Amino acid sequence: DSGVTQTPKHLITATGQRVTLRCSPRSGDLSVYWYQQSLDQGLQFLIQYYNGEERAKGNILERFSAQQFPDLHSELNLSSLELGDSALYFCASSVEGGSVTDTQYFGPGTRLTVL
Amino acid sequence: DQQVKQNSPSLSVQEGRISILNCDYTNSMFDYFLWYKKYPAEGPTFLISISSIKDKNEDGRFTVFLNKSAKHLSLHIVPSQPGDSAVYFCAASVGNTGKLIFGQGTTLQVKP
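Chains A and B, in that order, give the protein sequences. Quick note: the first sequence uses our numbering, first residue 1, plus one each step. Quick note: the second sequence uses our numbering, first residue 1, plus one each step.
Don't read these hints as lab results, they were simulated from the structure. As the structure is a computational prediction, the values presented were derived from the model and not from experiment. By construction, the Cβ of each residue, glycine as well, lies at the ideal position given by its N, Cα and C atoms.
What follows is a set of in silico ranges between Cβ atoms, one per label pair, in the way DEER data are often shown:
1. Ile12/A <-> Pro40/B: 16 to 22 angstroms
2. Val95/A <-> Lys68/B: 24 to 30 angstroms
3. Ser38/A <-> Ser8/B: 17 to 23 angstroms
4. Gly58/A <-> Ser51/B: 18 to 24 angstroms
5. Lys54/B <-> Arg18/A: 42 to 48 angstroms
6. Glu75/A <-> Gln14/B: 41 to 47 angstroms
7. Pro40/B <-> Gly58/A: 21 to 27 angstroms
Pulled from the structure, derived: some chain A residues nowhere near chain B, Cβ distances all over 12 angstroms:
8. Ala14
9. Gln17
10. Val19
11. Thr20
12. Gly28
13. Gly52
14. Arg63
15. Glu75
16. Ser86
Based on the provided sequences and hints, a complete structural model is requested.
Listed below in structure tokens is the structure:
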């Protein structure tokens, strides 16, 4: 158990809908990261937050947005869903997030299926 | 553009033998490399890392080798155990960001 929790574990929805994925980081971690793993793909970095502020951005679609709240939990919002958005979404957390040696600890992921 | 590549989707090894997982990268700005292990229905777990200023890092049965001139790194597991059966991801990062670039993963099966 990494100490990172993600809810829900599974989510099935229809095209055009909007969903929210939730992540609670390890106690004491200030940085949260979101990654997407599509079928047969490696993890793709989406976005990083540090202490409530956006720190780094990857190839995140405009239909996707995220935020980190004062209690440090984070939410990833996916809207106007398409079939291709079906994937595993992982959240990770780390103590700081500004150092390459700052280990990222991953949650178990949320499996999103868009029908 | 796949900046980190793991060209072998799968690898099968006998228990007790050496497992060698390979990873190639294209971005010479990468200065830190990591290996993560992933079991089904779980998130990736950090295994071992290496800075670009080193060419080897060892932790128990796991050793990572870095060849900067070839832009290649490898993970050696000796001896391999059935519990090592998992998907192994190579990842790289640059600078002072937490952004990790992952390879596609290699599924390792260690047979008893």
